[in-house]
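Colleague: Heads up: the sequence lines are chains X and Y, in that order. Per the working numbering, the first sequence starts with residue 1, numbered consecutively. Per the working numbering, the second sequence starts with residue 401, numbered consecutively.
Please keep in mind that the hints were generated in silico from the structure rather than gathered at the bench. Hints may be right or wrong, so weigh each one.
Calculated lysine to aspartate or glutamate pairs in the EDC-like style (CA-CA distance at most 20 Å, straight line) [what the hints assert, rightly or not]:
| id | chain 1 | residue 1 | chain 2 | residue 2 |
| --- | --- | --- | --- | --- |
| 1 | Y | K473 | X | D395 |
| 2 | Y | K515 | X | E5 |
| 3 | Y | K413 | X | D395 |
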Amino acid sequence: MNLLESLKIALSSIWNHKVRSVLTMLGIIIGVAAVIIIVAIGQGARKQLTDQMFATDKNAIDIYYEYMPKEGEEGMYWQEPQLTTEDIQTLAEVPGVKAVVGINHAGGQVVYSDTQGDLQITGVGSEYFTAKKIKIVEGRPFYAADTDGLNRAILIDTAARKKFFKETENPIGSIVDINGNPFKVVGVYQSPVPEQYRSSEGELLMPRTVVSMMFGNMEIEQLSVIASDSEKISETGRLAADTLTMKKKLEDGRYTTQNFEEYEAELNKTITLLTLLIGSIAGISLLVGGIGVMNIMLVSVTERTREIGLRKAIGATRARILLQFLIESATLTSLGGMIGIGLASVATILVTKFSPIGAAMNPLIVLIGVSFSALIGIIFGILPANKASKLSPIDALRYE
Amino acid sequence: MIKLTNITKIYGKGDLEVPVLHGIDLTVEDGEFIAIMGPSGSGKSTLMNIIGFLDYPTAGTFELNGEPIGSAKERVLARLRNEHIGFVFQQFFMFPRDNAIKNVASPLIYAGVSKRERTERAKQLLDKVGLGDRMKHLPSELSGGQKQRVAIARALVNNPSILLADEPTGALDSKTSEQIMELFTQLNAEGKTVILVTHEEEIAAYANRIITIKDGLIIDDRRER
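With the rest of the complex left out, here is chain X (with noise of 0.2 Å):
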């Protein structure tokens, strides 16, 4: 009862003063909705980029080559050692190992009937299919024969075939011209790359030994295991790899894997640090709002000696006065935190619809934002508050 009676006298006092309630509120407001804006960020971005890191596979690990010279051998350029089917068969029969897909890239002028357009080329093999998942959406995949063979038979997909086929047109049979050569359209197929990655114009497979007989470029340019298990994928990855440099006979490079789990862990260590660096920034703002709540509760009671001279010789306590300005600047400090949640949320709803990033409020943090800045008020308000109790009350009455 005490309390309630004390916090209607608060609210009616705070009221009794919007302008400066509001402005004083001010760098609490802001302090709060800063906190939690860039940690919704920090969040959303943290999942996006996870969510990127592994759009195309989880269980996929790539392997690369890395020159070690021997001391004093070392040269200006090197020979990366060339990978083939063969050696996609061997790694294929590691343990652990589900699929292995090598691939290479180029780009070409496509041209067909009187459209034309630059498509990114991925060469592939047969096992790039079924190990990738894709989705056959007219015609056939590439069979081995079509690697082996040198067959010059594309896919494309379904954005291509937007672009150089109308919708009742069949594409599959047509020969198309890719930089002056003539291709065979075989299928169509769903692009696995996500659509804000992808290139509006298209892209197509091409069988990777093709691609490395028109371009000049190696046969694979790409090497990547899928493991069996996503959570063995770096012990599989390593397996490989080692596989592969004993296979080749290696003197001055090896075969290696790139880490995952380290570069997730460093990327989440950068996010973690900058939401702490952002995070200690508003948190100086609280803190100057909450010097700001001080100041003018110091204002407060001066302007207010003689109410509070009158309320102690009514009867008032110095307990009660003490208790009257804790519980004002808390409750200024608290419709302060309140405020700033909401501009929070106003803002990680923008943010989610009209950025990549899906901000995202963490329930905990708006209670955390409350009770904090209500803490700041009691904090704050303690000197305030205090030096209000202490007046005395024949001082108080007769102050001008």
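Starting from the structure of chain X, add chain Y where the hints point.
Modeller: Positioned in the frame of chain X, the structure of chain Y alone reads:
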């Protein structure tokens, strides 16, 4: 009943000591109407503050209804003020944003009285002081005399035995002063002890005992009628 024995009050410390009261002996019986007079600086306000538990004496004993108030704690003094004393000030001292009812009811908050009863009692007392038609008015909407009536109603609301008035008519014109003094006379007739501090002879004339203070000592104590 209030009994003061050899009360002294010294402000400041060491070289800066300012003695204000030099040993006051005073007994106030229940139902008395006392005026304390004296020139400014005589110590009459200090004496009133001590009687009203707003200040405590440097030395001497203070008895309320036969019980000594020793070096009472601040919390105890606050309660004594709340229960036994009703203050009326020259400057009225209102809560400017609260209406008449809330102003009158304010001491009851600290007495722990429920809101409904607070409002009830405040309304009764506003009726009693003749402001039944001004209950919802803010202090700024009231005249000086009306404000002082609100203040008197507030002083009475927790049913104290003593009314302490410090120059209650100091800010009022003579006609209004007369009305306020008549109100005090009426309240005294109803049994309240009234102690008022004034330097005006006409106001002091309403009392039936006039105490004159000079330089911190009672130099005259006469009963009228």
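Colleague: All hints are to be evaluated individually against the structure, with a verdict given for each.
Modeller: Here is how each hint holds up against the structure:
1. Pair hint K473 of chain Y plus D395 of chain X holds up; C-alpha atoms about 18 Å apart against a cutoff of 20 Å.
2. With a C-alpha separation of about 9 Å, the suggested pair K515 of chain Y and E5 of chain X falls inside the 20 Å cut-off, and the hint holds.
3. Proposed proximity of K413 of chain Y and D395 of chain X is supported: the alpha carbons are some 17 Å apart, at most 20 Å.
The structure meets every hint from the earlier list without exception.
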